Amino acid sequence: MGLIKWERTGPLDTLAHIQGEMSDLLNVLSSAPRGEGYAAMEFPPIIVSLNESSVFVRAELPGIRISDLDIQVMDDVLTIKGERKPVAFGVKTTYLRRERSYGTFARSIMLPEKADVEEVTASYKNGVLLVTLPRAAEAKPKQVVIQKA
Amino acid sequence: MEIREHPTVEKKKIAPDKCVLTGKGDWYFPQSDIYETPDNFTILIDMPGVDTEHITIDLRDNELVINGEVSQEAYRDEKVLYNEYAIGHYHRHFVISDAINRDKIEAKMLDGVLSLVLPKAEHIKPRKIEVKAE
Chain A
1 MGLIKWERTG PLDTLAHIQG EMSDLLNVLS SAPRGEGYAA MEFPPIIVSL NESSVFVRAE
61 LPGIRISDLD IQVMDDVLTI KGERKPVAFG VKTTYLRRER SYGTFARSIM LPEKADVEEV
121 TASYKNGVLL VTLPRAAEAK PKQVVIQKA
Chain B
1 MEIREHPTVE KKKIAPDKCV LTGKGDWYFP QSDIYETPDN FTILIDMPGV DTEHITIDLR
61 DNELVINGEV SQEAYRDEKV LYNEYAIGHY HRHFVISDAI NRDKIEAKML DGVLSLVLPK
121 AEHIKPRKIE VKAE
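From first to last, the protein sequence lines are chains A and B. Heads up: the first sequence is residues 1 to 149, going by my numbering. Heads up: the second sequence is residues 1 to 134, going by my numbering.
These aren't lab readings, by the way, just hints derived from the structure by calculation. Keep in mind the model is a prediction, meaning the values are calculated, not measured. Built from N, CA and C at the ideal position, the CB exists for glycine as well. Incorrect hints may have been included.
As the list claims (entries may be wrong) - Label pairs and their computed distance ranges (CB to CB):
#1 S71/B x A16/A: 33 to 39 Å
#2 E7/A x P119/B: 31 to 37 Å
#3 R65/A x V131/B: 44 to 50 Å
#4 E7/A x I129/B: 43 to 49 Å
#5 L59/B x S123/A: 32 to 38 Å
Isolated chain A, as found in the complex (with noise of 0.2 Å):
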């Protein structure tokens, strides 16, 4: 496993934080669409990946129940729509920090290819949904064989 040592903080350490701080808040601020364009404020973030016999779709989901997450396929269009709710403790709770956010969201996605919309799976585990999309058989190279004349 990957070790991390952390360099013990000093007085002047603490301004140089503050700095950084700062200047995150600004980043923050003065970039209305975060990241290098529109793409990068979608929800969920996806890597499509590829191999012979399929195309695969995963997505970073942490903390979404299956059953509020809904998926669909068209030609070669992929939809993934869902809500992630808030947790509900039940009791009196106060939160002293919040950086996760909650609420519904829907990206539709053009797959490189066409899938076998009869065939698609997907998995959800440990917060990452896998969508398994067979490509259909057109898309596969078909073999030709050269008839001897």
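Please build the complex by placing chain B on the supplied structure of chain A, with the hints as guidance.
Okay, now just chain B, sitting in the frame of chain A:
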């Protein structure tokens, strides 16, 4: 409670200028929430892609150190076409005070979210003092 139309999952890369990194792969600060209920503090940390057995939680002195390692095995035979998030290990540390009963810290991993329940120590809980009639 604020509900945003587009939730975001953002993780900040740990820059190697503040610390010394060893081992393979990048490390990220995952996002986390801290809640307080009358009996506990609850820390929720988004760690998508981490198996329960790859999480280590250490309590050293006043520091609670959480590491989660992600396997990238699955991508070996695949060609990545489009990539919006980085895969990496997670690290986060919190400084805790005497207000926490350290023997009873519990951790649970569900759907990529680690939840740590830190029970409050008896001496900081509000107590009702009964008035005795003489």
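Here is how each hint holds up against the structure:
Look at S71/B against A16/A: about 35 Å separates their beta carbons, and that is inside 33 to 39 Å. A C-beta distance of roughly 32 Å is found between E7/A and P119/B, which places it inside the suggested range of 31 to 37 Å. Under the hint 44 to 50 Å, the C-beta atoms of R65/A and V131/B, about 48 Å apart, fit the expected range. Taken as a hint, the range 43 to 49 Å holds for the pair E7/A and I129/B, whose Cβ atoms sit roughly 47 Å apart.
Between L59/B and S123/A the Cβ separation comes to about 34 Å, which falls inside the hinted range of 32 to 38 Å.
Checked against the numbered hints given earlier, this structure breaks none of them.
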